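Here are the chains, one letter per residue:
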Amino acid sequence: MTTTGDDGLEMSRGWFADLSDENTIEAIVQGHEVDNHLAPLAAFARRVQSEGDGQAPPASATLAALFVAPAARPLVRKGRRQMVKGQLSSVAAKVAGLGVLAKIGLGTSIAAAGIASAGAAGVLPDRASHAVRGAIEVVSPVEFQEPESDPPTEDRQSNFGDRVSSDATGESDGQHGVDGDQISDEAPGAAHRPADPGQGDPPADPGQPDVTGQDRAGETPAGSHVPPSTPGGPPTSTTPSSTVPPEAEEHAHS
Amino acid sequence: MRRDRFAGQFRTVLVAARQGEPWAFERIFVALSPVVVGYLRLQGSREPDDLTSEVFLGVHRNLSSFEGDESEFRSWVFTIAHRRLLDERRRGSRRPPPEPLPVDLDPAAPDDVEDTVAESLSIERVRALCERLAPDQRDVLLLRLLGRLTVDEVAATLHKTPGAVKALQRRGFSAVGRLLDSEGVPL
Chain A
1 MTTTGDDGLE
11 MSRGWFADLS
21 DENTIEAIVQ
31 GHEVDNHLAP
41 LAAFARRVQS
51 EGDGQAPPAS
61 ATLAALFVAP
71 AARPLVRKGR
81 RQMVKGQLSS
91 VAAKVAGLGV
101 LAKIGLGTSI
111 AAAGIASAGA
121 AGVLPDRASH
131 AVRGAIEVVS
141 PVEFQEPESD
151 PPTEDRQSNF
161 GDRVSSDATG
171 ESDGQHGVDG
181 DQISDEAPGA
191 AHRPADPGQG
201 DPPADPGQPD
211 VTGQDRAGET
221 PAGSHVPPST
231 PGGPPTSTTP
241 SSTVPPEAEE
251 HAHS
Chain B
1 MRRDRFAGQF
11 RTVLVAARQG
21 EPWAFERIFV
31 ALSPVVVGYL
41 RLQGSREPDD
51 LTSEVFLGVH
61 RNLSSFEGDE
71 SEFRSWVFTI
81 AHRRLLDERR
91 RGSRRPPPEP
101 LPVDLDPAAP
111 DDVEDTVAES
121 LSIERVRALC
131 ERLAPDQRDV
141 LLLRLLGRLT
151 VDEVAATLHK
161 TPGAVKALQR
171 RGFSAVGRLL
181 DSEGVPL
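Protein chains in written order, with my numbering: chain A, 1 to 254; chain B, 1 to 187.
Treat the hints as calculated values from the structure; they're not laboratory data. For clarity, every value in this text was computed on a predicted model and none was experimentally measured. Accuracy of the hints is not assured; some may be wrong.
Which chain A residues stay away from chain B? Per the calculated CB distances, all over 12 Å, these [claimed, not checked]:
1. G52
2. Q55
3. A56
4. P58
5. S60
6. E171
7. G174
8. E219
9. T220
10. S224
One-sided and incomplete, this derived list gives chain B residues near chain A with beta-carbon spacing under 7 Å [claimed, not checked]:
11. D49
12. S53
13. L57
14. H60
15. S75
16. V126
Just so it is clear, CB atoms sit at the ideal spot from N, CA and C, and this is done for glycine as well.
Using the sequences and the hints, build the whole thing.
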């Protein structure tokens, strides 16, 4: 019988029909004895299998290293130096694998980051630092304070606060803390203070007895409407004694 | 054609290799690398020795994840080898065009046909035969013959069903027979 298809030619031969039997194929694979007409296939199988009977191929350097040195156990933690070295090697390998344009871009980025860091740290010359800081302020929400270029004045002495008054420490009078109105000559604004703060114009004493706002009401713009006197009369003291019952006042004195 | 390449000590060797013993991993390499490099060579790998080293580096890296007996270990190693082979092909290495088969075979007498054919089938001729097989058929035949994998193991390695593997091995042997027949080897 002759059939057509992928194996039509072989279908006309007896050995193809034998291949339909799984046991026949297993016999060829396992090297068992087969019918004579299948001998070429058995020979082919033996020849293929003999490819695996040779010597071990040479191992690569990486693989050979595993044969002579104790292998790193998966759970053994690497030392920090080993990890850093490994990470650097990994980064170097990745950089080496980049294209030319990618390397140029990476180098430019690193240089820009370095300049920006130096500018932010203030280690560049004034003009360069100003330019870098300005650029950073444009592209980011970061704002830098302008460095103070003026020399320290009398009011901004650089060593202000270094020394503590003996009055404050208690050395002079045995009492901690400043206990008077004396201000150190080193304090800011000392040059503008009068020699004796207590000698200036005294402020009006709001607690003058016998003088009340009612008495000076005539000096206000509405002075013409002020009556000559109030019905009850102005209070003469902070304690409205007239409102206190006499018995209560006596009780308080007793 | 022995399948046991560890002389019954596979378990001991595997445990020692997992513990990082150099001798144990070298024993694994010596036992299985010849069949792996033979598989890669007949598959047309351009650098079979280097690729074999890559395979066993992968074995070493993943040794702790393996569980099974020697047969399963062998299947596992060939799965790695097959994947590395596919990686190599994806990297752009091209197989050279198949060379024409030599036709210097003399017809053999019926009684000693197998020996005669075996002697005549040089390794170069076997490689050329494998080159002419369909890739799926070649994968199945080489994993079965060199890897000594079962139908089920080949199916797992190639992500195919056992039925598909059986069909491919039958067609593969048929193709080999047809090629040998066309070159003058009586079947």
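Structure versus earlier hints - violations, ascending order: 1, 2, 3, 4, 5 and 15
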